[in-house]
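Engineer: In the order they appear, the protein sequences are chains A and B.
Position in the first sequence counted from 1, then plus 178, gives you the numbering used here.
Position in the second sequence counted from 1, then plus 178, gives you the numbering used here.
Don't read these hints as lab results, they were simulated from the structure.
Note that the structure is a prediction, hence the values are computed from the model and not measured.
Incorrect hints may appear among the rest.
The list cannot tell twin chains apart, which means a pair is met if one copy fits it or any two copies do.
[What the hints assert, rightly or not] The calculated DSBU-like cross-link candidates involving lysine-lysine, where the alpha carbons are at most 30 Å apart (straight line), are:
| hint | residue 1 | residue 2 |
| --- | --- | --- |
| 1 | K263 | K296 |
| 2 | K454 | K282 |
| 3 | K195 | K282 |
| 4 | K354 | K182 |
| 5 | K182 | K632 |
| 6 | K323 | K274 |
| 7 | K293 | K515 |
| 8 | K296 | K351 |
| 9 | K263 | K562 |
| 10 | K632 | K236 |
| 11 | K454 | K212 |
| 12 | K189 | K212 |
| 13 | K354 | K282 |
| 14 | K212 | K182 |
| 15 | K282 | K296 |
| 16 | K195 | K378 |
| 17 | K666 | K366 |
| 18 | K666 | K386 |
| 19 | K212 | K390 |
| 20 | K274 | K293 |
| 21 | K454 | K315 |
| 22 | K189 | K632 |
| 23 | K390 | K323 |
| 24 | K315 | K304 |
| 25 | K323 | K236 |
| 26 | K381 | K643 |
| 27 | K182 | K282 |
| 28 | K489 | K323 |
| 29 | K386 | K489 |
There are 2 protein chains.
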Amino acid sequence: MTEKEFLAYIKERELLKEANSLLYWDMATGMPEKAAEQRSELMSYMSGLEYDLSYGDKMTDFMTHFTQHPEALSDFGQGVFLKEKESFERNNRIDKERYLAFQKALGLAHSDWVKARKTNNFQDFKESLSSMISFTKEFIPLWQKDEATPYDVLLNLYEPGMTVEILDGVFEKLRKGIIEIRNTIAEKGTPPETDFLYRKVTKAQQQKFIEKVIADLGYDMSRGRLDDTIHPFELTLNHNDVRLTTRWDEEDFQTAVFGVIHEAGHGLYEQNIDAKYSYTPLATGTSMGCHESQSLFNEIIIGGSRAFWQKQYPYFQEVTEGTFDDIDFDRFYRGLKVTQGSLIRIEADSLTYPLHIIIRYEIEKMIFNDNIDLDDLPQIWNDKYEEYLGIRPETDLEGILQDSHWSGGSFGYFPSYALGFMYAAQFYHRMNQALDVEAVLGSDDYSPIIQWNKEHIHQYGASRKPNQLILEATGETMNPQYLLDFMKHMYFDAYQIEY
Amino acid sequence: MTEKEFLAYIKERELLKEANSLLYWDMATGMPEKAAEQRSELMSYMSGLEYDLSYGDKMTDFMTHFTQHPEALSDFGQGVFLKEKESFERNNRIDKERYLAFQKALGLAHSDWVKARKTNNFQDFKESLSSMISFTKEFIPLWQKDEATPYDVLLNLYEPGMTVEILDGVFEKLRKGIIEIRNTIAEKGTPPETDFLYRKVTKAQQQKFIEKVIADLGYDMSRGRLDDTIHPFELTLNHNDVRLTTRWDEEDFQTAVFGVIHEAGHGLYEQNIDAKYSYTPLATGTSMGCHESQSLFNEIIIGGSRAFWQKQYPYFQEVTEGTFDDIDFDRFYRGLKVTQGSLIRIEADSLTYPLHIIIRYEIEKMIFNDNIDLDDLPQIWNDKYEEYLGIRPETDLEGILQDSHWSGGSFGYFPSYALGFMYAAQFYHRMNQALDVEAVLGSDDYSPIIQWNKEHIHQYGASRKPNQLILEATGETMNPQYLLDFMKHMYFDAYQIEY
């Protein structure tokens with residue numbers, strides 16, 4: 179067994195995965211409505227082939243062989259091998275029978291969640307949630323390496339190296355900082371006008387505007403495309419075929435404008451990964467948090483920049499053919515930056531968004547490390563919303579039933595979103611030491627920013643672990659202060675507060 | 179080995195084929211331009227998997243077993259087995275080494291053909307053409323069952339049961355009949371006006387019109403879609419996912435209008451095949467000629483009907499928003515039916531089109547049955563055009579270099595197009611004995627026509643051989659007279675000739 183054979187085998191699996199990704203993309207974007215049953219059958223067959231290549235006898239042989247003979251691998255081969263081994267072991271430690279039972283429970287959990295949302299009653303989901311938690315608790319010891327607590331094991335699934343100890347400290351600081359900013363805004367701020375944001379902007383106008391913006395930001399349309407879906411996503415077939423989707427709302431242009439800027443950030447990451455990692459598991463973002471840092475860098479940092487909008491607004495006005503002629507730039511920009519406490523995570527503004535995540539983090543930690551009674555969950559959820567966001571859900575639907583993650587057995591995933599915010603701000607801080615980011619965003623050429631991200635983040639794909647990536651790119655470990663500084667600066671400006 | 183196992187195995191192969199079809203569709207319709215190399219690599223890997231399932235050890239075992247034990251198969255299983263065995267044997271009789279050499283030669287032939295088109299010189303293609311012919315001559319004895327001549331073997335590849343003996347008689351009659359109609363038109367006809375046909379009709383207007391028309395004609399958009407490509411095609415993933423493509427020309431609406439009507443005819447065939455054949459090789463049209471009969475039934479028979487256009491023209495006028503207000507129905511309809519001799523097959527009108535095919539048929543027959551000198555080909559080609567169509571190519575590009583078929587090693591394929599014309603007219607003749615087709619086309623409900631095609635043709639998929647299908651549907655074997663009658667009626671009407 180040679181490295182060459184191993185890499186050729188991995189390439190086969192990656193090719194099959196690419197075919198499967200296209201099946202998914204097509205299903206989400208344009209498959210005829212009546213072909214759902216056939217597609218489900220096809221995807222089930224094809225993912226079976228991918229599963230066999232990923233976890234079957236031949237892969238087992240490679241894993242055994244190169245564990246015993248690490249010297250037979252080059253540094254490159256070793257990198258691919260270790261990444262592959264992670265998911266191989268994660269999977270292989272679970273008994274096949276239990277895996278199938280879990281898959282079955284997942285299906286039930288999803289339909290129970292949908293049902294509970296209809297009845298607006300957490301009780302209808304409780305049993306399935308309990309089952310998801312039981313399975314996860316059963317798997318945690320199998321996944322555990324040297325993590326300190328059960329919930330640490332879950333965090334590690336999505337953000338290798340992340341711990342409860344780190345997050346407790348970081349989130350505490352972040353929560354307090356955000357609440358302090360919110361208090362100051364409530365006390366001294368002048369709320370921006372927002373009514374004009376809901377003027378009609380046609381899909382064609384929005385598309386014209388946003389395609390130019392993401393091209394400016396470095397997303398290469400000749401190596402990608404933009405389609406319509408209900409739930410926006412970025413999907414990578416390979417680094418020359420990185421697709422974005424969005425939902426258009428003609429009564430609220432911000433949905434697609436910020437949505438596409440966000441997805442293009444994911445797309446930039448994927449397009450810019452060094453081609454030498456192609457057809458290996460290293461040819462993707464290194465973690466959910468780091469991926470999100472790139473989409474949020476686009477959405478929050480660039481999309482939050484006054485200089486950026488000052489540059490883009492005239493084109494927006496031109497494309498919208500007079501609709502915003504009576505709105506001067508300052509009114510427009512301030513309108514985009516309104517913030518207020520809200521109940522639904524995916525509708526939250528960027529200042530309050532991390533609070534939604536912190537609430538979920540604290541609750542997940544209670545579930546896995548403190549074994550709380552599930553009957554208490556809605557009460558705990560609502561109390562935390564009241565405490566952190568000053569607004570209390572009146573029903574389960576606007577509270578604990580809003581997210582699909584738990585019904586999908588994804589515990590430990592939520593923190594990635596908040597990590598993305600913090601990483602993005604930390605990259606921004608560091609980038610400002612190398613170049614004047616606002617000046618670049620006010621210019622005709624964003625390439626210094628694109629280049630910085632490519633050089634320090636994108637090119638490495640998953641060959642650097644998240645903590646190593648952050649450390650090498652910014653010279654320090656994760657620090658929530660940069661996000662707080664950024665938010666304070668942006669929101670105080672929008673609310674006309676001197677500081 | 180049971181029938182159940184065999185059918186399950188065939189289903190796997192069909193699923194893989196479906197995935198491969200989607201890869202092709204995506205490449206043709208919307209893949210990012212710079213992803214071509216990656217896609218080619220992916221398709222090569224995936225078609226390798228399909229090849230292994232189709233011709234590998236396991237299929238060989240099934241073929242051997244059920245050849246020895248036909249009694250182990252139900253009638254249904256036997257149908258699937260025999261269809262599968264056809265392509266299995268066709269492939270397996272060719273030595274793998276020779277197959278690969280042929281694949282390599284194919285690549286060269288294509289690039290030589292492209293080059294010769296650039297230099298406009300048949301000599302640059304001659305060597306590759308000679309190589310394609312040699313390979314084909316080498317394979318013919320391996321494919322031969324009981325066919326009378328080498329060219330019969332090639333005809334059989336695309337239209338099982340078709341022979342030189344039949345075609346010689348049919349094409350002679352057809353050629354004479356068409357030339358007679360053309361002579362009468364030249365003598366007595368009043369040519370229709372055509373200038374208004376090139377008025378601008380936007381893509382959006384054309385799309386609105388044509389999507390309504392094909393829905394009227396029975397194509398189910400909830401089980402299909404319509405996309406843009408350079409070369410239009412119909413592609414089937416499964417009977418609930420049958421996709422059409424077209425090219426739009428805003429200066430010539432006929433390109434897309436008749437193009438989509440044509441492709442929708444293919445689509446109707448595929449959508450209406452009995453679901454019991456799903457995931458077997460019987461779930462497709464039974465031959466190229468029969469498939470073409472359905473697209474041409476739509477394009478030539480329905481698209482040539484005065485009653486049909488009388489019904490649709492007001493909607494066309496409405497959709498084109500006044501562009502054709504000054505053109506009364508009779509002028510419009512007659513304009514669509516102009517005919518004249520031309521050099522390029524794919525631009526020919528429906529009266530002269532079969533002559534283009536007959537020329538190719540006669541030349542292919544000379545190549546394989548008479549071993550003519552390839553140096554004489556351009557001269558022979560040009561002489562035949564002068565004789566049959568009254569117009570002589572001045573260069574190879576407008577003559578012998580125009581089609582891609584020979585560079586793709588596809589000899590014996592051209593006749594299918596002409597068969598499609600004749601089958602379509604023969605179905606029309608028979609359909610008229612069961613219902614008044616013109617009356618139906620002048621009504622709001624085309625379902626009697628849709629139903630007739632479904633009942634007599636579509637539902638059977640490939641479970642009936644072409645000659646059996648024609649015989650059962652029309653009560654007689656192929657008869658070119660119906661096409662001549664139809665053409666005479668349609669063109670004499672358009673050219674205001676009494677008969």
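Engineer: Evaluate each hint against the coordinates.
Structural biologist: Right, here's what the structure says about each hint:
no., hint, verdict
1, K263 - K296, "neither (41 Å within a copy, 53 Å between copies)"
2, K454 - K282, "between (38 Å within a copy, 29 Å between copies)"
3, K195 - K282, "both (23 Å within a copy, 28 Å between copies)"
4, K354 - K182, "neither (53 Å within a copy, 65 Å between copies)"
5, K182 - K632, "within (28 Å within a copy, 54 Å between copies)"
6, K323 - K274, "within (21 Å within a copy, 50 Å between copies)"
7, K293 - K515, "neither (36 Å within a copy, 59 Å between copies)"
8, K296 - K351, "neither (37 Å within a copy, 70 Å between copies)"
9, K263 - K562, "neither (39 Å within a copy, 68 Å between copies)"
10, K632 - K236, "neither (36 Å within a copy, 48 Å between copies)"
11, K454 - K212, "between (41 Å within a copy, 17 Å between copies)"
12, K189 - K212, "between (34 Å within a copy, 20 Å between copies)"
13, K354 - K282, "neither (41 Å within a copy, 69 Å between copies)"
14, K212 - K182, "between (44 Å within a copy, 27 Å between copies)"
15, K282 - K296, "within (22 Å within a copy, 60 Å between copies)"
16, K195 - K378, "neither (40 Å within a copy, 45 Å between copies)"
17, K666 - K366, "within (13 Å within a copy, 88 Å between copies)"
18, K666 - K386, "neither (32 Å within a copy, 52 Å between copies)"
19, K212 - K390, "between (35 Å within a copy, 19 Å between copies)"
20, K274 - K293, "within (29 Å within a copy, 57 Å between copies)"
21, K454 - K315, "neither (38 Å within a copy, 45 Å between copies)"
22, K189 - K632, "within (24 Å within a copy, 45 Å between copies)"
23, K390 - K323, "neither (47 Å within a copy, 62 Å between copies)"
24, K315 - K304, "within (16 Å within a copy, 72 Å between copies)"
25, K323 - K236, "within (25 Å within a copy, 43 Å between copies)"
26, K381 - K643, "neither (40 Å within a copy, 50 Å between copies)"
27, K182 - K282, "between (38 Å within a copy, 26 Å between copies)"
28, K489 - K323, "neither (50 Å within a copy, 74 Å between copies)"
29, K386 - K489, "within (16 Å within a copy, 39 Å between copies)"
Hints 1, 4, 7, 8, 9, 10, 13, 16, 18, 21, 23, 26, 28, counting from the list given before, are not met by this structure.
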